[in-house]
Amino acid sequence: DTAVSQTPKYLVTQMGNDKSIKCEQNLGHDTMYWYKQDSKKFLKIMFSYNNKELIINETVPNRFSPKSPDKAHLNLHINSLELGDSAVYFCASSQDPSGNEQFFGPGTRLTVL
Amino acid sequence: AQSVTQLDSHVSVSEGTPVLLRCNYSSSYSPSLFWYVQHPNKGLQLLLKYTSAATLVKGINGFEAEFKKSETSFHLTKPSAHMSDAAEYFCVVRPTNFGNEKLTFGTGTRLTIIP
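Protein chains in written order, with the working numbering: chain F, 126 to 238; chain Z, 148 to 262.
Hint data in this document are derived by calculation from the structure and do not stem from the laboratory.
Predicted model only: the values in this text are computed from it and were never measured.
No false leads were mixed into what you were given.
Keeping only pairs whose Cα atoms sit at most 27 angstroms apart, straight-line, the calculated DSSO-like set for lysine-lysine is:
no., chain 1, residue 1, chain 2, residue 2
1, Z, K196, F, K169
2, F, K196, Z, K196
3, F, K177, F, K147
4, F, K169, Z, K249
5, Z, K189, F, K192
6, F, K166, Z, K249
7, F, K169, Z, K215
8, F, K166, Z, K205
9, F, K177, F, K196
10, F, K134, F, K147
11, Z, K189, F, K147
12, F, K177, Z, K249
13, Z, K189, F, K165
14, F, K169, Z, K216
15, Z, K216, Z, K249
16, F, K166, Z, K196
17, F, K169, Z, K189
18, F, K165, Z, K249
19, F, K144, F, K177
20, F, K161, F, K196
21, F, K134, Z, K249
22, F, K169, F, K147
23, Z, K196, F, K161
24, F, K134, Z, K189
25, F, K144, F, K134
26, F, K196, Z, K249
27, Z, K249, F, K147
28, F, K192, Z, K249
29, F, K144, F, K161
30, F, K166, F, K147
31, F, K192, F, K144
32, F, K196, Z, K189
33, F, K161, Z, K249
34, F, K177, F, K134
35, Z, K249, Z, K196
36, Z, K205, Z, K216
37, F, K166, Z, K189
38, Z, K189, F, K144
39, F, K192, F, K161
Put together the whole structure using the sequences plus the hints.
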């Protein structure tokens with residue numbers, strides 16, 4: 126069974142489009158995260174939700190909007206995609222907001238043309 | 148504020164020889180420290196963590212790390228490298244042991260194993 130799953134695995138789209146990435150965890154965790162990994166492998170947190178409530182919101186353009194319909198899901202919607210949004214996006218979850226052990230999804234490679 | 152510096156962007160070792168991946172941190176508070184591994188085209192997996200218990204921490208796959216406060220270091224070691232260890236390794240710091248402080252990732256060290 127996959128603990129943290131993301132769809133799609135690959136996403137290729139044109140500048141200006143709107144796209145969504147979905148994330149689901151079946152671990153029963155309370156906290157979920159979105160990270161962005163750039164072409165140099167640098168990983169930076171974007172958002173964190175605990176029990177469907179936003180607890181970490183880094184300096185991210187407001188074109189990025191996370192949505193958590195329930196504590197097992199955290200989706201990422203991106204409006205008006207730009208070239209610089211090309212990256213690998215990782216979803217993760219942890220049992221609680223301490224984040225002592227985070228379980229990562231396989232990543233979504235987004236390419237904006 | 149906290150930061151973490153991985154001193155080597157790329158390390159190559161021969162199979163069967165020791166591995167040393169270096170990490171230094173800075174943190175305003177007592178940190179929690181982690182090492183994560185990322186195999187090609189995969190998500191990250193926790194190798195081990197230090198959260199103010201024993202300073203020598205053992206992780207999965209034979210890896211261990213020692214927290215040295217005086218040197219602000221948390222180097223990752225393994226006595227004998229295996230081909231399956233080839234991956235990207237990230238040192239991570241979090242400033243407190245509780246609360247929702249975010250993780251800060253290092254820039255990664257790519258480990259190559261020479262047959």
